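Participant: This is what each chain is made of:
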Amino acid sequence: MSDNLFHEIEQDERSRVAERVAAEALIVDVDGYEGPLDLLLTLSRTQKVDLRKISILQLAEQYLKFVEKARELRIELAADYLVMAAWLAFLKSRLLLPPDPSEDGPSGEELAAHLAFQLERLQAMRDVAARLMARSRLGRDFFARGIPETMERVRKVTYTATLLDLMQGYARIRTKDEFRPYALDRESIFSLEEALERMRSLIGFAGDWMDISSYMPKGFGTDPAKRRSATASTFAAALELAKEGKLEIKQSEVFAPIQVRRRKEEDGR
Amino acid sequence: MSETGPQDDQSEATLSPEDAGTEEEARGESLFEAPPIAEQERMVEAILFASAEPVTVNELNARMPHGSDAAEALVYLKKRYEGRGVALAKVGDAWVFRTAPDLGFLMQRETVETRKLSRAAIETLAIIAYHQPVTRAEIEEIRGVSVSRGTIDQLLEMEWIRFGRRKMTPGRPITFVVTQDFLAHFGLESARDLPGLKELRAAGLLDNRPPPSSMPGLPDGEDDEDDGAGIAAEDQGDMFEA
Amino acid sequence: MSETGPQDDQSEATLSPEDAGTEEEARGESLFEAPPIAEQERMVEAILFASAEPVTVNELNARMPHGSDAAEALVYLKKRYEGRGVALAKVGDAWVFRTAPDLGFLMQRETVETRKLSRAAIETLAIIAYHQPVTRAEIEEIRGVSVSRGTIDQLLEMEWIRFGRRKMTPGRPITFVVTQDFLAHFGLESARDLPGLKELRAAGLLDNRPPPSSMPGLPDGEDDEDDGAGIAAEDQGDMFEA
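Chains as they are written, first to last, in full-length UniProt numbering: chain S, 1 to 269; chain U, 1 to 242; chain Y, 1 to 242.
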């Protein structure tokens, strides 16, 4: 670092103090800086000139001093700050020394110009970001419809069938017809309820023993199916009435006719 | 913008006489002057638009600058939206913007779903096609189960069957016949083109499944209803069969 | 009113260009004539009022009766709402009703608390908006610092940025662009309307000026290939071309 430059800056005591305060503030807040470019941009504000007219050389000085100070204060600087410091030191030497014709690459002025461009561009981005955020904003300054209507989905169902479905359906029915399942034939059935009813109404007259077959309903004696049904239900009805105590049953021997008669009141007592 | 907006003098009309004095004073200090009614109308419009629920007149007044008369602004706003695509509606004592009733169709998206006819409907339809004109009692006799009103209604609605003339039997029951739509759908020129029993058998359609209800004693007379309870167990599997 | 039924698509399809004249006439007396423009205006009004999100002209046309011209109806509708409490706003090629910005003060109640964006996020967002399509490396070059994943993720999550197409440079890095939600949020019709965009461009500050060699770059990390996987090479379009 050139002593000359240090002297230059030190000449202005007030600015030196101001800078020291600024530098300390910078160091205290170093975490708040978003990288070396951000720091350079902040430092450049002390020059109080248009970014386009900024002295990159002076900026490089300021930056290097900042890094120096940070080292004195034993503040660990991130690698990219140090990379920038090294590069700025290189840039400074390029800007101060006469160009070496043997060296390739961009001149110090070109490098400085690009750095200035970067700073200007970053500043510009910050400015427009601020303008953007200051715009009228949805949900803060202007508002969307509060009760939006949702598109209602109307589901319309149509039914369809093929000719095959139709024929299979019909076939199913006709098949069912041909293989008619077993079903009770109500006409040839004499139910227990019917038998009970019949016996209840007739029993009052049966003071004497009578063959149970005389209680069979008319028309159920000839057809075997009907007879079976009527016999069974009449017998069951007789048992039921006997259980109720209204009727007595007797059979003289196995397979002999079954006889019934009304149970006499006095017998019960 | 405020062609229709009446001027503030109208808002005075709503003031009770005893308010007049203080109002006059307040008016002198323009700071507390209520905005012109046209402006109030805009405010009501914006609040009702953005609010997530209907807003009462009291709420409107509370949110608008001091001295505003939301009720009056609402009268003008309602008028402004008359015949428009949206309309001001009152819900209880709150106000809200609603789509004009005649434009409700714009808020719907129709999706058409095609389903297979139920087995009950197919069988009923088949019987009508093969036996037309046929009464409901006859359909039930042939199917061996009762036919629900819903099944008949569905077929009527699809316009695959229609009422035929009444039968000249006691009770003069109505008959059903298949329609031209039915024939068109199934690619038939007339119902007579339907294959007969013999052809069904020849096509293997009569033998391709075990006889139904082959279990003895299965009560056969239950209502079969396609969408109801009491469906015979064997019916359930293939309501929408292919 | 809107039962337009099947359209005369067929006749249209078979028309050759020289039939245009007769077609015009036929259309005049067509049974399926589009509703009058005033009616179309009501429809657009109803649809837009019902939606909190911008609706494109195509979507409007799709929902309106055949033959409607939503774009034309929008012209009338926009005029009708000029200076009102709500106004028509354009976002990209979609339209939406919004409350007038000057009435924001009435809406305290509706204000949505948005997540506070960090300075890094705001800057990143601005860089993407003004430089789009832009790669992560370019964002880092402009900010002079690496961009944290969280920042990008946050912006993606807010749906203010999305992936654009890959850049035709080595490594084919993925780019970022701003979304329609971003435009809608900031009340921008298009990215061309970004504040100060013209001045920035005139000043050359939006030029992609590569740093001279030997400039300290950022540790040239691997490209975040992962982010870009599966992005359609869909046309991002250079938003600033026109």
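Accuracy of the hints is not assured; some may be wrong.
Here are the simulated DSBU-like cross-link-like pairs (lysine-lysine), alpha carbons at most 35 Å apart as the crow flies [stated by the list, open to error]:
id: 1; chain 1: U; residue 1: K90; chain 2: Y; residue 2: K79
id: 2; chain 1: S; residue 1: K246; chain 2: S; residue 2: K226
id: 3; chain 1: Y; residue 1: K90; chain 2: U; residue 2: K78
id: 4; chain 1: S; residue 1: K53; chain 2: Y; residue 2: K198
id: 5; chain 1: S; residue 1: K48; chain 2: Y; residue 2: K116
id: 6; chain 1: U; residue 1: K90; chain 2: S; residue 2: K156
Since the hints were made in silico from the structure, they are not lab data.
These numbers were taken from a predicted model, which means no experiment stands behind them.
Participant: Take the hints in turn and mark each one as holding or not.
Facilitator: Hints and how they fare:
{"no.": "1", "hint": "U:K90 with Y:K79", "verdict": "27 Å, holds"}
{"no.": "2", "hint": "S:K246 with S:K226", "verdict": "26 Å, holds"}
{"no.": "3", "hint": "Y:K90 with U:K78", "verdict": "26 Å, holds"}
{"no.": "4", "hint": "S:K53 with Y:K198", "verdict": "22 Å, holds"}
{"no.": "5", "hint": "S:K48 with Y:K116", "verdict": "31 Å, holds"}
{"no.": "6", "hint": "U:K90 with S:K156", "verdict": "32 Å, holds"}
The structure meets every hint from the earlier list without exception.
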